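Undergrad: Chains as they are written, first to last, in my numbering: chain H, 1151 to 1263; chain G, 26 to 140.
These aren't lab readings, by the way, just hints derived from the structure by calculation. Hints are supplied without guarantee of correctness; some may be wrong.
Stated by the list, open to error - Computed, partial: chain G to chain H, Cβ under 10 Å: (1) K47; (2) K65; (3) P68; (4) E69; (5) L70; (6) P86; (7) F89; (8) A112; (9) L113; (10) L115.
Said to hold, decoys possible - List of simulated lysine to any residue pairs, SDA-like, C-alpha gap at most 25 Å: (11) K65/G <-> P1232/H; (12) K66/G <-> N1177/H; (13) K1221/H <-> G53/G; (14) K63/G <-> N95/G; (15) K1192/H <-> E109/G; (16) K66/G <-> M1204/H; (17) K65/G <-> G1255/H; (18) K34/G <-> L1161/H; (19) K63/G <-> N1177/H; (20) K65/G <-> Q107/G; (21) K47/G <-> S1224/H; (22) K47/G <-> K1206/H; (23) K66/G <-> L1161/H; (24) K63/G <-> S1190/H; (25) K1206/H <-> K63/G.
Please read all numbers here as calculations on a predicted model, not as lab measurements. Using N, Cα and C, we set each Cβ at its ideal position, and we do this for glycine too.
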Amino acid sequence: GESVGLHLPTLSVQEGDNSIINCAYSNSASDYFIWYKQESGKGPQFIIDIRSNMDKRQGQRVTVLLNKTVKHLSLQIAATQPGDSAVYFCAERGNNAGNMLTFGGGTRLMVKP
Amino acid sequence: DTEVTQTPKHLVMGMTNKKSLKCEQHMGHRAMYWYKQKAKKPPELMFVYSYEKLSINESVPSRFSPECPNSSLLNLHLHALQPEDSALYLCASSPAGTGGSKGYTFGSGTRLTVV
């Protein structure tokens, strides 16, 4: 079946450094991708999204890159802060009638002060 | 109001109990979802409601029974659960159709423990 996965389960970075979290997806028909941040005991929080007709989108301190050729998605966080420590999930929406999101396996980001 | 509100935040129930989880949003979203999330795992889709009608049931056991009384409310009725059903249950909403962006908003979840 179709799936979304991540390469690194845990990423540890020094405060102030840049972070890159990666995600591989397999459904070439997916038209929309979202990165979520989930802190302990909370629901997923929207960070940034990108449509399949784009290859880059920037937000505040975050950038999402989409490479459709190799079905790869990444989240770049600039000047990582302790408050960025959380689990990050990528999610894809297949081009289906159900408007469903499928989540990747998650990467835990740990920021060292 | 840009939030999805879930109640209760925590629930402990016995295997013979009947309980309900509630979800509410006032963003005018016409699609609502239930997800189940086990520890250290991604959320897994259970049900999708579109315009108050059940559109997707991801082969969820009948001991979970969803209900969408109106466009703002989504319930999940629980009966005869098993300990392995213990998880974080997340509600989400989005604009119906595939045109929405930033539209998938999640609640904080209900932490369910079945004893």
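Undergrad: If a hint holds in the structure, say so; if it doesn't, say that too.
TA: Going down the list of hints, with the structure as the test:
With 10 Å as the threshold, the beta carbon of K47/G stays out of range of chain H, its nearest partner Cβ sitting at about 15 Å, so the hint is violated. Among the interface hints, the one on K65/G holds; its C-beta lies about 7 Å from the nearest C-beta in chain H, closer than the 10 Å criterion. Because the closest C-beta pair between P68/G and chain H is about 5 Å apart, less than 10 Å, the hint holds. The closest approach between the C-beta of E69/G and any C-beta of chain H is roughly 8 Å, which is under the 10 Å cut-off, so the hint is satisfied.
With its C-beta approaching chain H no nearer than about 6 Å, L70/G sits inside the 10 Å limit, and its interface hint holds. Nearest Cβ of chain H to the Cβ of P86/G: about 19 Å, over the 10 Å cut. The hint is violated. At about 17 Å, the closest approach between the beta carbon of F89/G and any beta carbon in chain H exceeds 10 Å, and the interface hint on this residue is violated. Because the closest C-beta pair between A112/G and chain H is about 13 Å apart, greater than 10 Å, the hint is violated.
Checking L113/G against chain H: minimum C-beta separation of about 8 Å stays under 10 Å; hint holds. Taking 10 Å as the C-beta cut-off, the interface hint given for L115/G holds, the closest approach to chain H being about 5 Å. Only pairs whose Cα atoms come within 25 Å are accepted, and K65/G paired with P1232/H is accepted, the gap being roughly 20 Å. Restraint check for K66/G and N1177/H: the C-alpha separation of about 20 Å stays at or below 25 Å, so the hint holds.
A C-alpha spacing of about 33 Å is found between K1221/H and G53/G, which places the hinted pair above 25 Å, so the restraint is violated. The suggested pairing of K63/G with N95/G is violated, with an alpha-carbon distance near 28 Å, which exceeds 25 Å. Using a Cα cut-off of 25 Å, the hinted pair K1192/H and E109/G holds, with the two alpha carbons roughly 21 Å apart. Pair hint K66/G plus M1204/H does not hold up; C-alpha atoms about 28 Å apart against a cutoff of 25 Å.
Straight-line distance between C-alpha atoms of K65/G and G1255/H comes to about 9 Å, which keeps the hinted pair within the 25 Å bound. At most 25 Å may separate the alpha-carbon atoms for a hinted pair to count; K34/G and L1161/H exceed this at roughly 29 Å. Proximity of K63/G to N1177/H is assessed by CA-CA distance (about 24 Å); at most 25 Å being required, the pair is judged to hold. Under the criterion of a C-alpha separation no larger than 25 Å, the hint pairing K65/G with Q107/G is consistent with the structure, at around 20 Å.
This hinted pair does not check out: K47/G and S1224/H have alpha carbons roughly 34 Å apart, beyond 25 Å. Only pairs whose Cα atoms come within 25 Å are accepted, and K47/G paired with K1206/H is rejected, the gap being roughly 37 Å. Between the alpha carbons of K66/G and L1161/H the distance comes to roughly 16 Å, so the proposed pair stays at or under 25 Å and holds. Of the pairs offered as hints, the one joining K63/G and S1190/H holds, with about 13 Å between alpha carbons and a cut-off of 25 Å not exceeded.
Of the supplied pair hints, the one linking K1206/H and K63/G is violated, its CA atoms being roughly 32 Å apart against a limit of 25 Å.
This entry does not satisfy hints 1, 6, 7, 8, 13, 14, 16, 18, 21, 22 and 25, going by the numbered hints stated previously.
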